[in-house]
Structure formats: structure tokens, C-alpha cells
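S.K.: All chains, full assembly: derive it from the sequences and hints.
Protein chains in written order, with our numbering: chain A, 21 to 390; chain B, 21 to 390.
Because the hints were derived from the structure by calculation, they are not lab data.
Keep in mind that a hint or two might mislead.
The list makes no distinction among identical chains, and a pair is therefore deemed to hold if it is satisfied within one copy or across any two copies.
Stated by the list, open to error - No farther apart than 20 angstroms at their CA atoms in a straight line, the calculated lysine to aspartate or glutamate pairs in the EDC-like style are these:
#, residue 1, residue 2
1, K354, D89
2, K289, D365
3, K256, D376
4, K256, E347
5, K314, D264
6, K275, E48
7, K354, D159
Keep in mind it's a predicted model, so treat the numbers as computed, not measured.
There are 2 protein chains.
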Amino acid sequence: MTATIQRCSQFTRAIATPTDPFITEHGERLDHAKLAFETWGTLSSRRDNAILLIHALTGDSHAASHQADDVPGWFEGMIGPGKALDTDRFHVICTNLLGGCSGSTGPRSIDPRTGQRYNLAFPMLTVRDLVRAQIRLLDRLGISRLHAVVGGSLGGMQALEFAAMYPERVGRIVPIGSSAYFSPQGIAYNEVQRRAILMDPNFRGGEYDDEQGPDQGLAVARMLGMITYQSDELMKSRFGRSTDARYHEWPEFQKRFDIEGYLHYQGDKLVRRFDANSYLYLTRAMDSHDIGWKRGGVEEGLRLIDAPTLGIGISSDILFPRSYTIEFVDHLRKLGVDAHYQELDSPHGHDAFLVDFDQLNERMGDFIAR
Amino acid sequence: MTATIQRCSQFTRAIATPTDPFITEHGERLDHAKLAFETWGTLSSRRDNAILLIHALTGDSHAASHQADDVPGWFEGMIGPGKALDTDRFHVICTNLLGGCSGSTGPRSIDPRTGQRYNLAFPMLTVRDLVRAQIRLLDRLGISRLHAVVGGSLGGMQALEFAAMYPERVGRIVPIGSSAYFSPQGIAYNEVQRRAILMDPNFRGGEYDDEQGPDQGLAVARMLGMITYQSDELMKSRFGRSTDARYHEWPEFQKRFDIEGYLHYQGDKLVRRFDANSYLYLTRAMDSHDIGWKRGGVEEGLRLIDAPTLGIGISSDILFPRSYTIEFVDHLRKLGVDAHYQELDSPHGHDAFLVDFDQLNERMGDFIAR
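M.R.: What follows is the structure, given as C-alpha cells:
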């Protein structure tokens, strides 16, 4: 073993073909689909040391830097020798989600049947679809059982669903800042974000130009998203009521507070790296999350899980209040599952799982390693 | 005294004329301005029993039904014989705020200089401007001192400002669901709402047609507003994750949860009664709220207040967390003010002050009466 991350690369793999199509939970069909993914650390000869890491709404497969791409990733502080996702021991796999826009098949992909982009003809996706797409990838990689599934937010939803759908294929799960079912308030926030995109005149029913998409709508959606990912406490300490904002891309409406310039900046930043149709599809996938759906309720859904579970809540999370994590951990424990609750004590809100890596390593390390 | 509300009517009064213009805090000038208002109960011969009630963002002067208008008002359960705002004892006055769209001068009023609507040429308004407009009305009504000033949300901000600006003119204040300064998170929510309006192609820089305004943008703004006025707890009990929504005016994006139909309904409802430019101006006025601005900080601002103060927080309020009310009550008490904190224990979120009238009567009654 060395002190550097090994065997790191970016791959793409077909997960659906005309002879083996992907049928979504709602019965729609994809004859062609691929997932982009990256890996860190070496897969053992017994193929039993793989950890599936799953990204959140606007994430991608680039969870950490590696030899082929030294740009830091969204989980940079968690992947590497001696870290919770220890590349000296584990083979970490992170895909770009089906429906995404960073290498995997999504609504802006070309539909081979028409030679045009799918756009809104792309099938509706649920959290269960996102999990099944990744299972298909694991099948093709010859990985029948994972050491662990780890994810935050939308990724945490999938970790729970993975354990419910494929109990025999996962050794433990770590859902962070997530829930057994998405809250109505969360659906409400997502819906407002979708409406900002849908009302942008450049949206054109999803058939927008490559050169001129619904940038304003997507940026406004992101601004609202950012509020829900952070906390008032954080905004108070970072911006307070100051009006020195250095970001002036958006025309002001009667002065401008720093917090506004910050939101504009974050909105514009997302537009440069994310697609509006993917945003619509993946927020709707979040909304679909309900471990009890078509299973007779949440408790019956949780009953399908037997993997040891570490639910991690975030003290200042307003999008997934920690009570939701505590709720499913308590439920699982009552059902006899080896379930634990840990908390990130942080002002960073929902985003804490992308920021407070020291705490997260400490909370997760032993559970992953054991 | 009788058991019915007395002397109730709707009036309009000029508060600015070319010889006595209204100069805003930012130095802009209105040569013509009027406020619409309604009253309940009889003004005493000593003119010492008046209570100024102040509405929130999209409110109006119609706080309760009366002989001239039997439609219930937004504070219906609080005004009348035996209620906290006891019309057997008090003369209650409620104006439509300057900048509003329900009878008072606002951005959609005709600018006499041009014969056209002001629209975005209307001066920027601050909470202090809204208070000074009402002081001008009280001057014209010959009311030199109020028994009390009562308001929730934006109205509560004004109650605090009133006490700081005119300590000799108010006997006590009751700010409900409010704060000594608006939070950066609150500004952020307001900014996203404004952006939804500004990006609507029908907005046309504020010069929209009377027949075709930025309805979609205003509705989306309202949807977000409604989320912040309520609580996840309430949404869970009212809608949960049900999909039986009866409101189908907005085309769905891949199914529809009830909470979404509810937001669409609330958005459309606001569009029928409220103006987009007023929404922009009054959200910006909210943002301006800082009792310490140009006064050397919050503590120095609060030092101007000597009126007995009853700050009422709401247990489930996410827009004005109760900690903000507790904060200014504690401050005032340290400064020697007769200040008290009471709480509405309610799942109704910020809107509790428009819903939980039994609790509110109980919390306020003695303080107002004494």
C-alpha cells in the first residue's frame, strides 16, 4: 500500500441495450443508457471491498481528485488513505446518476430513435430507478456485494432504498442528511425551483437551444436551493446585513445586500455546470422518495432493510431536519436492525456533509471500517 | 356599549401634498400620497384610546368585518367586544401601507407629474418610511398618542420602529412574529421571490399591462412565501405525500403532489388580489428593517424604545424564528424596559398570528388592557 490514491480513472459503461432495456418504475423504457463513473482504490481479487458513494442533486462522479483529474471533488476530504473511505482498503465507486448531465444518460442525451435530444420525452425517474441503474452497473462490473453504500441528501435516499431493494448486496449503509421519505416541505421547495425553470421564456418546453437555455430560471432555482442547503446562522456570520457585495452581475432592485450577491453568484455558477432538464428530473426523483411507497407504508418499507445502518443528521439542516434521520434510525432499531444515529454539529446546514469532513470522518470511520 | 362593533368605516386621507411632501428615508419625494384606512370602535373625546394595527406584506386595511363591509378581515378574531382589541374600549385604526395596492398610494398609482403609473419610478421605501406615513395620518386625525401599536411580521417591524422613532407617541407595543432586524435568510427568501417576478416576460421592467401582468412570477413568489409562512409539521398533517390534488390549473411536471396543487392555488389566489410592483417594494421594505441602522447598532436602536413591549414569538416560525423575538425582548429588558415574551405554541408557522386567535387573545389581552 502506498500513501497515494491508486487506480483512479473515469469510465463510462452501458447499462441498457435494446436487448436488455432499462424499464423505469413507471413502466417507461430506455433502450440505450450509460453511466459515467470514477473509482478510487483497488478492487480486491474477491471483489468484496467496493463502496458505492452516491452524489446529491447537482453532484457528479468526481467525488475526489485522482491521477487522471487532479481537480478536488465534492467528497475530497473523505476519500483517500486513512480517511473514512480508505483507499488503502476499499475500492470506492461513484457514478453520475441516471438523468444527470455529467457523462451519464439524461434528458439532454440524444435519443437514438429520433436522433434528437430526449428533453421532456425522457422517462420520469424515481429514486428506485436511480438505484437500479447503479445495480446494473455493479452487475456489469462483477460486483455482487458492496461493503457499503454511502450518500448524502438524494444520495442518502438511495442508500436507504438500496438496502431495502437489495438487502443481500450491501454490508452497511450510511445515509447522511436524508430521510425515509421526502417531506412535503421539501417537495414544495423543489416545486418552486422547477417553476422558476419552467417559466423562463428560454425553456421552450424543455427544447431549449444549447446556446441559450433557461439560465435565469435555473439560476433562480439554485438560489432557492442554496438557501435550503445553508442556515440562517451561517448567513449571519458570513454576510449579516452587509451591503458591500462584490458580485454585480444581476441588476439590483433598489440596493443589494451581500447575501443577494452571493445567491446570484451561486446561481450563475450552477448554470455553467448543470443542465435545466436534469434539474427538473432529479428534483422530481427526490420528491418520489418514500421507502414505504407500494410497500404498505414506511414501517413496512424499513422492514426490508437488514444492513447495519449509520444515519447521520445535521444539527442545522433545514431541508432534512435531523428529526427525519432520528425517525428512521429509531424505526430500524425497533425492527431489530443494528442502527445508529450520529450528528454533525455544524452551522453549515444541509451542506455540512460537503464541508465538515473532519467531523464526518470521525462519525463514519469506525462504522465503515468494522 | 353594545355587543356589536361600532363606528366602522373605510376612509382615505392625503398624507402628502406639494406644500407638505413626503420625503423618504433615502431622500426621494412624493408630492401626493394618501393612505386608505379602516376603523373599529369609537375614538374617545380625549382621543387617547386609539390602537394602531399594522398589516403584514400582502395585507390591507380590512382587518375585520364592520357595518360597511361584512367580509371577515385578516385579524377578524382579534377585534371586537371582549377581544384583545376590544372595540368597547378602544378605537382601532388599520391603514393600507404606503406602497401597497389596496387604496393607498403605491407604485401602480398615477404619478400626477406624468399622468402615468409610477411603477419602478416610485421611491424606494423602508420600514421607517412606512411608519412615518402612518404618523402623518395620525397627525391629520388629531391623534397625538396611541394606546398601543400592534402588528405581525412586517407589521411587527413597524411596531418596533414606531416605538423607537416616536417614543412619546405610544403607550405600548406588541410586535408578533418579528425581529429587531430582518435576517439575511429572510432577505434571501425575499430576493428569490423578487427574481421570480422580475424574470416574468410580462413584467416589462414594471411597466406591465393592467390586463396582463407578471402573474406567473408573482404566483411563484407567493408559492415560496407560503412555504416560509407555514411549517413542515403543518404540511405533513394537511397534505403529507398525497397525490389527490384537486387543483389542476398549473400543468404538472410528471405527476403532482397535493402540496404542489395547494401552492399553485395560493399563488393564483394572490395574483387576483395583489400587485407585483407592490410586492417588490414591500419585500424590499422588509429587507430594510434594522432597528440599529444609522443608530450605531441594534442595542443603540433598542435604547430609543421605552414603551412597554410584548414580543410574541411563534414556536414553529421558520421565517422569523422565535429566537429573534426572544433576542430583542431580552435586550429591552436589560435596558430597563418593561418587556415581556409570550409564545404561540402552534404548528401554523409564521401565519399563526393570522390563525391562532384564541391563543393570541389570551397572550395579548391583559397587556393591551392594562
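S.K.: Run every hint past the structure and note whether it holds.
M.R.: Cross-check of the supplied hints:
Taking the shortest Cα distances, K354 and D89 never come within 20 angstroms of each other, neither inside one copy (44 angstroms) nor across copies (57 angstroms). For the identical chains of this complex, K289 and D365 are neighbours neither inside a copy (28 angstroms) nor across copies (41 angstroms), given an alpha-carbon limit of 20 angstroms. For a Cα distance limit of 20 angstroms, the shortest separation of K256 from D376 inside one copy, 18 angstroms, qualifies, whereas the shortest one across copies, 30 angstroms, does not. When the C-alpha separation of K256 and E347 is checked against a cutoff of 20 angstroms, the pair qualifies only between copies, where the shortest distance is 14 angstroms, while the shortest distance within a copy is 30 angstroms.
In this assembly of identical chains, the alpha carbons of K314 and D264 lie at most 20 angstroms apart only when taken from different copies (16 angstroms versus 52 angstroms within one copy). Proximity of K275 to E48 under the C-alpha cut-off of 20 angstroms is restricted to the inter-copy arrangement: shortest distance 14 angstroms between copies versus 49 angstroms within a copy. For the homomeric pair K354 and D159, neither the shortest alpha-carbon distance inside one copy (33 angstroms) nor that between copies (67 angstroms) is at most 20 angstroms.
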